[in-house]
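Enquirer: Chain by chain, the residues:
Protein chains: 2
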Amino acid sequence: MTDLLDVIIVGGGFSGLAAAKTLHSQNKKIILLEARSRVGGRTHTRHLPDGKYVDVGGQWIGPTQDRMYELCQEHDVTWYETYNQGKNILDLNKTLRTYTGLIPKMDVRSLINIDFVLKKLDRLAKSIPLDKPWSAANSKTWDSISLEAWVRKHCFTSDCFKIVRAGLETVYACELNEVSMLHALFYIKSGTNLTCLLSIDKGAQQHRIKGGMQTLAEAIATPFLSHIKFDSPVKNILQQDNRVIVSGEGFSYHARNVIIAIPPVLISSIAFTPALPLFKTQLLQKLSMGIVGKVFGIYEKPFWREKGFSGQVVADEHAPFQTFFDSSPADSAYGVLLAFCIADRARNFFSQEEGARKKIALEAFSKYFGKEAATPLHYVDHCWADEAWSRGCYAGLYPTGVWTNFQNTLAKPTDLIHWAGTETSDIWYGYIEGAVRAGERAAREILN
Amino acid sequence: MTDLLDVIIVGGGFSGLAAAKTLHSQNKKIILLEARSRVGGRTHTRHLPDGKYVDVGGQWIGPTQDRMYELCQEHDVTWYETYNQGKNILDLNKTLRTYTGLIPKMDVRSLINIDFVLKKLDRLAKSIPLDKPWSAANSKTWDSISLEAWVRKHCFTSDCFKIVRAGLETVYACELNEVSMLHALFYIKSGTNLTCLLSIDKGAQQHRIKGGMQTLAEAIATPFLSHIKFDSPVKNILQQDNRVIVSGEGFSYHARNVIIAIPPVLISSIAFTPALPLFKTQLLQKLSMGIVGKVFGIYEKPFWREKGFSGQVVADEHAPFQTFFDSSPADSAYGVLLAFCIADRARNFFSQEEGARKKIALEAFSKYFGKEAATPLHYVDHCWADEAWSRGCYAGLYPTGVWTNFQNTLAKPTDLIHWAGTETSDIWYGYIEGAVRAGERAAREILN
Chain U
1 MTDLLDVIIV GGGFSGLAAA KTLHSQNKKI ILLEARSRVG GRTHTRHLPD
51 GKYVDVGGQW IGPTQDRMYE LCQEHDVTWY ETYNQGKNIL DLNKTLRTYT
101 GLIPKMDVRS LINIDFVLKK LDRLAKSIPL DKPWSAANSK TWDSISLEAW
151 VRKHCFTSDC FKIVRAGLET VYACELNEVS MLHALFYIKS GTNLTCLLSI
201 DKGAQQHRIK GGMQTLAEAI ATPFLSHIKF DSPVKNILQQ DNRVIVSGEG
251 FSYHARNVII AIPPVLISSI AFTPALPLFK TQLLQKLSMG IVGKVFGIYE
301 KPFWREKGFS GQVVADEHAP FQTFFDSSPA DSAYGVLLAF CIADRARNFF
351 SQEEGARKKI ALEAFSKYFG KEAATPLHYV DHCWADEAWS RGCYAGLYPT
401 GVWTNFQNTL AKPTDLIHWA GTETSDIWYG YIEGAVRAGE RAAREILN
Chain W
449 MTDLLDVIIV GGGFSGLAAA KTLHSQNKKI ILLEARSRVG GRTHTRHLPD
499 GKYVDVGGQW IGPTQDRMYE LCQEHDVTWY ETYNQGKNIL DLNKTLRTYT
549 GLIPKMDVRS LINIDFVLKK LDRLAKSIPL DKPWSAANSK TWDSISLEAW
599 VRKHCFTSDC FKIVRAGLET VYACELNEVS MLHALFYIKS GTNLTCLLSI
649 DKGAQQHRIK GGMQTLAEAI ATPFLSHIKF DSPVKNILQQ DNRVIVSGEG
699 FSYHARNVII AIPPVLISSI AFTPALPLFK TQLLQKLSMG IVGKVFGIYE
749 KPFWREKGFS GQVVADEHAP FQTFFDSSPA DSAYGVLLAF CIADRARNFF
799 SQEEGARKKI ALEAFSKYFG KEAATPLHYV DHCWADEAWS RGCYAGLYPT
849 GVWTNFQNTL AKPTDLIHWA GTETSDIWYG YIEGAVRAGE RAAREILN
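Sequence lines, in order, name chains U and W.
Following my numbering, the numbering of the first sequence begins with 1 at its first residue and continues without gaps.
Following my numbering, the numbering of the second sequence begins with 449 at its first residue and continues without gaps.
Just so you know, these hints were derived from the structure itself, not from any lab.
As the structure is a prediction and not an experimental result, all values here were calculated from the model.
Incorrect hints may appear among the rest.
With a Cα cut of at most 30 Å, we get these calculated DSSO-like pairs of lysine-lysine [stated by the list, open to error]:
1) 105/U x 588/W
2) 358/U x 568/W
3) 477/W x 500/W
4) 542/W x 819/W
Taking CB as the label site, the calculated pair distances span [what the hints assert, rightly or not]:
5) 367/U x 579/W: 35 to 41 Å
6) 367/U x 684/W: 41 to 47 Å
7) 686/W x 105/U: 53 to 59 Å
8) 555/W x 412/U: 39 to 45 Å
Derived list of chain U stretches under chain W, where covered just means 3 residues or more per stretch with a C-beta under 8 Å from a C-beta of chain W [to be verified]:
9) 146 to 158
10) 217 to 230
Using N, Cα and C, we set each Cβ at its ideal position, and we do this for glycine too.
With the hints as constraints, model all of the structure from the sequences given.
Expert: This is the structure:
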């Protein structure tokens, strides 16, 4: 137990796996400690008794997520196009309308307004230096207001506000008043631009992984599986005499370095000796996780396609879910409808019992796609805020004042400890691609 | 160990003590579990080897803090007037000026502007319903911006902004962009008004406790001292069969009810079974603690008084500390200068070694009060963010979006668990008075 390892990696999500892979390939002696009994972190492919599956966590990849495509190729994992044909549905002011493409059928003023708001957000985001958002010319101003304050100021019709809000809530996984405008702009730039973040074609939702996202996590883990210790939540990290001792119930490992690759809100549940620097502990109090639940109806076939529907819906605050997608498998052997339930809607929906949730969900599915939707083969929902080892999804949220007051504190190494996790990436922050890049960057810090 | 108690109180700060006192006086079987080896929580009187003392935590009481005066009377604890005579100092743009009263000597535009901003904040605060800040007419707007956004918009001179900022940072213990405008207004109303919060005469800094604030905490605890278990951080709270089992290393107690009276940021370090409701766990991720350090020079006598100084300073961001007070004991047997070091200034100051801190502090003291200040009998500083069982001071901060999205979630009972702590009080939120009222309210919830 007291053999000196090169690196201990805490957390077996994509970031920890990417770090472990990088170090293992350089013949470093590693161990990866994972609190759960599986790898994948905020990605999780749930298999149903009849062999069908749904990705209850992160499920898409898209253009410029280069490391994800490279990892798929390296590990013989294949991807396929997200279904994106037919009519979309807009559920606005309790009325349903159908449309094709990104822009719904609405009054011209609202349409122009939506276009103006999205383009303006993209234009402002371009001015953010990704490696130092706090140095943008207007950073102080943007970091003193929430995204909501800015959006409300620039939406001149209430319909515009409702649509923009549902879209942006799906992007950030929070109410718009829960995130700093500066962070919102950083996030857009980090993921290319807002059109990319909102789109299937040429966007962040373009491709899915055949067999589910966890297939890739497991493929990455395979070469160093014997170095992964599951069900091992870390309780203490002690730096002493140029080594780090990482321990929990029934285990204790020594190493030259440690990489922490867990969500920011979980870091303060580890006791660090010596204590982490003041800026780090203060920052960690400030970040909260977004809240998103995924709600699935699994059907014999994707019946909505025959009716000319894409499976996509955008719904205002009268509906229980913000956005819907066709989430069927590569071969369309069965049909999967996926609804995103986010922020206040998620807190209300997941405060109810499963029976009540199922009823609400199937009513929503039926309202949009017809009575076939009321009788799925399976109903599945999953709220990431309920997971003790994630405490939310997609990612950590920066409220006002944090980027400007704390700058790059989150990613900065602290003596022998290096920091990974998607929240430490300036490219594709909050996405799996960001997690992978952060893990590889933390590994390189140690290798160099 | 498995005797059924009536109530277990977690936390021996003023809120837990007030709850325990209320229940004990009604002959309830209680136990109070405290992580530290002392009572008092965020109040702490530090005794020096020569018998002198300083209050490194909360130290003042003032008008409308009725319960605090009543507790002092009941327990034969006396109070005295905070020293408030002579010239104050303003350190602005690296220039020192002296003045008397609340309003510094400055250009007329800035003076009018300061008056306008403070009065306007007071006027807006009046519109906040203390028991439901989220229902104020402008709550959505105020909860979408930080206090900083509002203050910057209403300060027309940079000198006005600098003074207002130093004053408000001292009130909230954070950078102004770290707190929601709605929370800032609630806080003002909760503590009467801004003049009261900023003042010694007829204000929140009017009186001090003879012998230090902890004298009162200890006096309250005396009658039920045998029911307090020290050095007992709670790890698990299990609700089962109409009872609650509260346990930690080496202890386990059963009771009909529990009162949690610890800072919000510490609550998530307890494992609750069943898990706390989603709204509660989400809210707890959102709150952070303010950061304040107190910096003391202890001298043979309050020598600055003879020179005509009050000991009070307000300093802009060029100086290491925001505000200074004469913090000498009741009989003026020795002199104590106190500087408040808050938010970014605290994070920078307390990131340095003690030797460097002492040098910076004594230079500041000397700059304002002369060379006698350079050679104190003792130098003491204390940062509350470094205390594992507080993690900051004065109180929990609501960033944007929390009051409107979560409403009264923090104080709401969850089955057999009741919630105290100054952050659950709508009167004198963040102050010791609020802590006492919250503890008594939680006890009454159980008694009724």
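Enquirer: Please name the hints from earlier in the document that this structure breaks, with their numbers sorted from lowest to highest.
Expert: The structure conflicts with hints 2, 3 and 10, although it agrees with all the remaining ones.
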